[in-house]
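Q: Spelled out, the chains give:
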Amino acid sequence: MLAQKTYEKSFVLSLYERMVLIREFEERVKFLFLEGAMPGTIHQCQGQEATATGVCASLQADDWITSTFRGHGHALAKGLTAHELLDELFGARTGCCKGKGGSMHVGNMKKGMVPGIAIVAGGIPLAAGMALAFKMRGSRQVVACFFGDGAVAEGAFHEGVNMAAIWKLPVVFVCENNLYGASTHVSKVMNDTCISHRASHYGFNGQTVDGNDVLAVYEAAGQAVADCRSGNGPVLLELLTYRRTGHSRRDTCAYQPKEERENWFSRDPLDRFAGVLLERGDVSQVELDQVKSCVEQQINEAVELAKKAPLAGPEELLQDVFAPLS
Amino acid sequence: MKMPDLSTTDSAIKLVRWLVQPGQSVKRGQALCEIETDKAASEVESIVTGVLKELRAQPGDMVVVGQEIALFETEMPSTPSPPTASAPAKASGLFARNRAAAPAASQSPAITLSQPQQTLGRRLQASKQTIPHFYLQASANAEPMIRRRNAASPKPVWEAFFVSAISKVLKDFERIRWRLGAEGVSTNANSDIGVAVDAKGDLFVAAVAALPTSTVEEISNNIRERVREIQEGVGEARGIRPAAITITNLGATSIESFTAIINPPEVAILAMGKIGPAPIVQAGQIAIQQRVALTLSADHRVINGKYAADFLGAIIREIEAF
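Heads up: the protein sequence lines correspond to chains A and B, in order.
In terms of numbering that gives the first Met the number 0, the first sequence is residues 0 to 325.
In terms of numbering that gives the first Met the number 0, the second sequence is residues 0 to 321.
Do not take every clue at face value.
[Claimed, not checked] Distance condition first, Cα-Cα at most 25 Å in a straight line; then the derived DMTMM-like pairs of lysine to aspartate or glutamate: (1) A:K29 to B:D197; (2) A:K29 to A:D288; (3) A:K257 to B:E33; (4) A:K29 to B:E67.
[Claimed, not checked] Estimated spans, in silico, between C-beta atoms of each pair: (5) B:Q128 to A:F321: 25 to 35 Å; (6) B:G238 to A:Q289: 49 to 59 Å; (7) B:Q117 to A:I118: 25 to 35 Å; (8) A:M189 to B:L123: 41 to 51 Å.
[What the hints assert, rightly or not] Chain B side only, calculated, beta carbon under 10 Å to chain A, not exhaustive: (9) K1; (10) S6; (11) T36; (12) E319.
If you're looking for bench data, these hints aren't it; they were derived computationally from the structure.
Each residue gets a CB set at the ideal place from its N, CA and C atoms; glycine is no exception.
This is chain A alone, in the form it adopts within the complex (with noise of 0.2 Å):
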């Protein structure tokens, strides 16, 4: 059930177009993975636009996010550019991570994001201690820690989750469940597969929202953002959610039940949303028609940049590597 409250329709439109982006931004991507002008391989995030758009739509501009190996989406609903991602994962200077990052690394520090951590779990005790940061210095920032239904099994997710709890940090845990941890669904890595049942036994609220329902996670997001804001984080939100594609480029999907697959791609993020705000009569589908077109010229636009961008040298490859001593 999308949310019933009402809103501006710049806002609205704004999320529509967030969500846009990011798909044809990753499909954009597969089509260059497709035709060899794009080497290694990707994390795309098809299917789960919603959660990323929702929870950074109800982020202020100082606040944080943390990501993950697939953090395309998160990047673009952060307020990276399709421009400085594309240059980043085609290895040129001008990248968000000037080229070092890579795909699994995407971030850009002046906008709010970390570059992604790739290790399963790991950001998540690293946004305990930004938070902790916050704390301690008084500055009502939060920090919205984005992981995937694999990493709660993992050991740092107990621990930077307690820490967080014992000293009521302002950080939302924003589990993206998508139902399979790389191809190994959540039934087969955790008895009690509702995953926001986790936070009572830390001590903090958890909520179970509907992942591509991009209203529903703004909501739910809002609140938890406004909770820790006030002294009272941290949230668990586990977001339902589903991915369209592999887990990376190479894999098929094949542990995916047609009938899951079909049951989940009817309950798309992007064609729900049009339908709702068509249903509303918020807007019309010329405008949503502008929207995508837009949307399209904009990363047509960044594909010429990035495959003309300057590729990183060998002699930049320990700047920015090392912080200085201070």
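Following the hints, put chain B in place on chain A, whose structure we already have.
A: Chain B alone, transformed into the frame defined by chain A:
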């Protein structure tokens, strides 16, 4: 369109079947063909919208990443380019951008190793790098074998004598059939003997069924049949099949002896050089005898020197008893 990089390793990708035919219109993202990598079966999506003109690979073909698989006629370049770009709408090369940074590489025509050579290369590199090889060298009196061969018609292939000798002693040396795996040691199920076969420069191993009771002629016929299959390109014969141990024979050349690389998961390989006259000391006198040099390579994780020496000694006794 070229084969995308869909393999999890460097292995070639098998084209299973085409899902579209020449003349058909294809949309970007539409499934073009089914493939099989070393890990899984999947579909390849079209990278362009257009009309399929020509298939450049056939079902059953092993295709390497970056190899052209199909030709399309499109109205637009595969990725939107500025209108000034006048180059024909052909797909850019694999990692074209990285290649452009290294101009020297694109000058000379590329030589591609054959698929069997690539497979063999990977396996033997792993063998040489991970198996602690040690080598034992000895020689055997070849005269009984030569007499036995000359008396037969048609003459058995030389390899048949060595396969026969090994098959007679194998039951006393079960470690030769031991296989070291992640979960400990198992035993190779059969007592086939592998025979290295050259097929126009590519190297294959023929698995030859041999029992202690098999005659040299039976084994010889068996070898001839396997070699014929391999040279005719029969897929099953060329595939990797488990054997107890492999032999490799350069006796038809001027090579006196050589050390071979173990063919995993086997734990030993026997190499033989040419048969030729050699001086020996017999009853205090120097005599000339037809001899053959044998070199056993063995995996020290499974077999130790004394055991390998006994094995080689037993083979030599059999050779000298033909």
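Q: The structure should be examined with respect to each hint, and the outcome stated for every one.
A: Going through the hints against the structure:
| no. | hint | in the structure |
| --- | --- | --- |
| 1 | A:K29 to B:D197 | 42 Å, violated |
| 2 | A:K29 to A:D288 | 22 Å, holds |
| 3 | A:K257 to B:E33 | 17 Å, holds |
| 4 | A:K29 to B:E67 | 19 Å, holds |
| 5 | B:Q128 to A:F321: 25 to 35 Å | 34 Å, holds |
| 6 | B:G238 to A:Q289: 49 to 59 Å | 57 Å, holds |
| 7 | B:Q117 to A:I118: 25 to 35 Å | 33 Å, holds |
| 8 | A:M189 to B:L123: 41 to 51 Å | 44 Å, holds |
| 9 | K1 | 6 Å, holds |
| 10 | S6 | 7 Å, holds |
| 11 | T36 | 8 Å, holds |
| 12 | E319 | 55 Å, violated |
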